[in-house]
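Asks: Below, each chain spelled out in residue letters.
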Amino acid sequence: MGLIGHGGKPLVERVITDKAEAKKKIAGLKEVPASRQMATEAIGIAYGFFSPLEGFMKKADVDAVAQKMELADGTLWSIPLVYDISDKEIADYGIKEGDSVLLTRNGNPVAIFDIEEIFTYPNEEIAFKVYGTKEEKHPGVARTYAYKDKFLGGKITLVNPPKIREPYTKYFLTPRQHREKFKELNWQRIVAHQTRNVPHSGHEWLMKHAYIAAHGELPVESMEVMGKAISGVLVNCIVGEKRAGDYIDEAIVLSQDQLRTAGYFRPDIHMTTMTFWDMRYAGPKEAVHHSIIRANLGLTHHMFGRDHAGVGTYYDSYEAHRLLMSIPKEKLFVTPIFVLEWAYCPHCGEVTCIGLCGHWKELQKFSGTKIRSILLDEVKPTRLIFRPEVFDVVMDAAKKYGFGSPFVTPEYLAKAAPAFSFEPL
Amino acid sequence: MAETFPINIWINEERFKALQDAGLAGMLKEELAGMKVMIVSCSEAQRDKVLKVFPMAKYDAATTKSIELLPKYVKDKIYDMAVKRKSLAVIDEFLAGFEKAGDAFWNQEIA
Chain A
-3 MGLIGHGGKP LVERVITDKA EAKKKIAGLK EVPASRQMAT EAIGIAYGFF
47 SPLEGFMKKA DVDAVAQKME LADGTLWSIP LVYDISDKEI ADYGIKEGDS
97 VLLTRNGNPV AIFDIEEIFT YPNEEIAFKV YGTKEEKHPG VARTYAYKDK
147 FLGGKITLVN PPKIREPYTK YFLTPRQHRE KFKELNWQRI VAHQTRNVPH
197 SGHEWLMKHA YIAAHGELPV ESMEVMGKAI SGVLVNCIVG EKRAGDYIDE
247 AIVLSQDQLR TAGYFRPDIH MTTMTFWDMR YAGPKEAVHH SIIRANLGLT
297 HHMFGRDHAG VGTYYDSYEA HRLLMSIPKE KLFVTPIFVL EWAYCPHCGE
347 VTCIGLCGHW KELQKFSGTK IRSILLDEVK PTRLIFRPEV FDVVMDAAKK
397 YGFGSPFVTP EYLAKAAPAF SFEPL
Chain B
-19 MAETFPINIW INEERFKALQ DAGLAGMLKE ELAGMKVMIV SCSEAQRDKV
31 LKVFPMAKYD AATTKSIELL PKYVKDKIYD MAVKRKSLAV IDEFLAGFEK
81 AGDAFWNQEI A
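First to last, the protein sequences are chains A and B. Everything in the first sequence is counted per this note's numbering, starting at -3 for the first residue and increasing by one. Everything in the second sequence is counted per this note's numbering, starting at -19 for the first residue and increasing by one.
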């Protein structure tokens, strides 16, 4: 039996790895240049990150996602994956329904796109139903409003696996490779930590909290021996389009991994990988989308904290929790672990969960803004707040990849090499 | 009392000693497990001017209610000026110095 992904459906794998076969299949196809986002999503679809999708959505799926938060076949789905294209491009490339075209990136082959449907769908409708607002200052809404005239729906087959650049190479695993790794580690339960941050110790404790909750009633005896863990934490970093002021992806991936390397997590219970995806900041709907991706990676549990994937004040702090709780268990293929904030308590002299500690008036909450301010000032924080080894990795990444800053700057946006590229076949 | 808008300058051990010598150590605030922060307060007019002169900076009205994302070299200069003047009320002088000298200001000694 093959691997099973989200929705209880077979894990999608639409990749031609044999170069000769790929060359044969693409011979004579019209070439259509794909944007960075479309190439990113084509990779994700082909490897099964978005199973059961086999391609970009057709109108029935987009409509069902917008109106009912499910695909046309009833599978839970929260964010449309669409291929947008202008009328001019359709005319210039002579694209019509029933065609198969070759998507290219910087002139190199990416994927065969079987165009089954060319359609329109009101962007405002997508925006309001998915993001709960029509305001263009919401980055997901802005992305939606920027869609071109038409959408193309149909299956994707990757013909040219992407080349992942350093330092990401070892962190990019396909859903199948994730599952092989979990099997090798003998993990029966795996909890996802979704992140786009470098970790302070508040994050570290969120992961520990989620790990203990996910491990639950499983036996612990074997874990007295290093290397015999039966459950684990997967830090799955989202790598995609950046905005000025975000942490650079290199710093995120490397610093998360440093928590294991420096021993804050045992090597047999912690792993860092990455998924290519442009954050939509859809809050609760994005939380559902993350659960779908992680189910496809083979995870059993997913941690959801405060303000999961939100932006500004569009969503309540625990709106994602409420939406996930409203979804019938048989439709959600990971078990959510809901976590409260962890903060430093000077009275206890430790980092503690705000749901446990009674010294509420004394708690010093971790603020992302404060941590950024400390890093910008290049002042090494106390180890209770930010692990010194992690700080060193962040600062190294700043020098090596961030043009001196751990944060995305205009220079980084202009000069940083893309995380993946395609070579000639 | 008029509302003030802080610039937070985080202090390491080396700087802490310099601030002790300047008699400013008692004005530091402790945050996040004993980390020390020097809070340079701005008036509303000073805040607006800082944000105008350094467009990369932002006022975080939602959480910390402080002026954030000032580059290190800017905060370093404010820190140096505070130590030299033995005072945290240096924003007017700092802004005037930058307005007068432009980018040359960053390499100028504080008189």
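Be aware that a few hints might be false.
[Unchecked claim] With the Cβ distance kept under 8 Å, some of the chain A side facing chain B (calculated, not the full set): (1) Ile114; (2) Ile234; (3) Ser369.
[As the list claims (entries may be wrong)] Capping the alpha-carbon separation at 16 Å, the derived lysine to aspartate or glutamate pairs in EDC-like fashion look like this: (4) B/Lys38 x B/Glu24; (5) A/Lys5 x A/Asp59; (6) B/Lys38 x A/Glu50; (7) B/Lys52 x A/Glu50; (8) A/Lys361 x B/Asp28.
Keep in mind the hints are simulated off the structure, nothing from the lab. Glycine included, every Cβ here is placed at the ideal spot set by N, Cα and C.
Asks: Is the Cα-Cα distance between A/Lys5 and A/Asp59 16 Å or less?
Replies: Distance ~21 Å between A/Lys5 and A/Asp59 Cα, so the pair is violated.
Asks: Hey, does the A/Ser369 contact hint survive, CB to chain B under 8 Å?
Replies: Status holds, d = 5 Å.
Asks: Does A/Ile114 pass the interface check with chain B, least Cβ-Cβ distance below 8 Å?
Replies: violated, 42 Å
Asks: Need the status of pair B/Lys38, B/Glu24: alpha-carbon distance at most 16 Å?
Replies: holds, 14 Å
Asks: If you draw a straight line from the CA of B/Lys52 to the CA of A/Glu50, is it 16 Å or shorter?
Replies: Violated - the C-alpha atoms of A/Glu50 and B/Lys52 are around 48 Å apart, more than 16 Å.
Asks: Is it true that the CA of A/Lys361 sits at most 16 Å from the CA of B/Asp28?
Replies: Violated: A/Lys361 and B/Asp28 sit about 28 Å apart, past 16 Å.
Asks: Is the hinted pair B/Lys38 and A/Glu50 satisfied, with a Cα-Cα distance of at most 16 Å?
Replies: violated, 43 Å
Asks: Should the hint that A/Ile234 touches chain B count as held when the rule is a Cβ pair under 8 Å?
Replies: Since chain B brings no Cβ nearer than about 22 Å to A/Ile234, farther than 8 Å, the hint is violated.
The structure is inconsistent with the numbered hints 1, 2, 5, 6, 7 and 8, although it conforms to all the rest.
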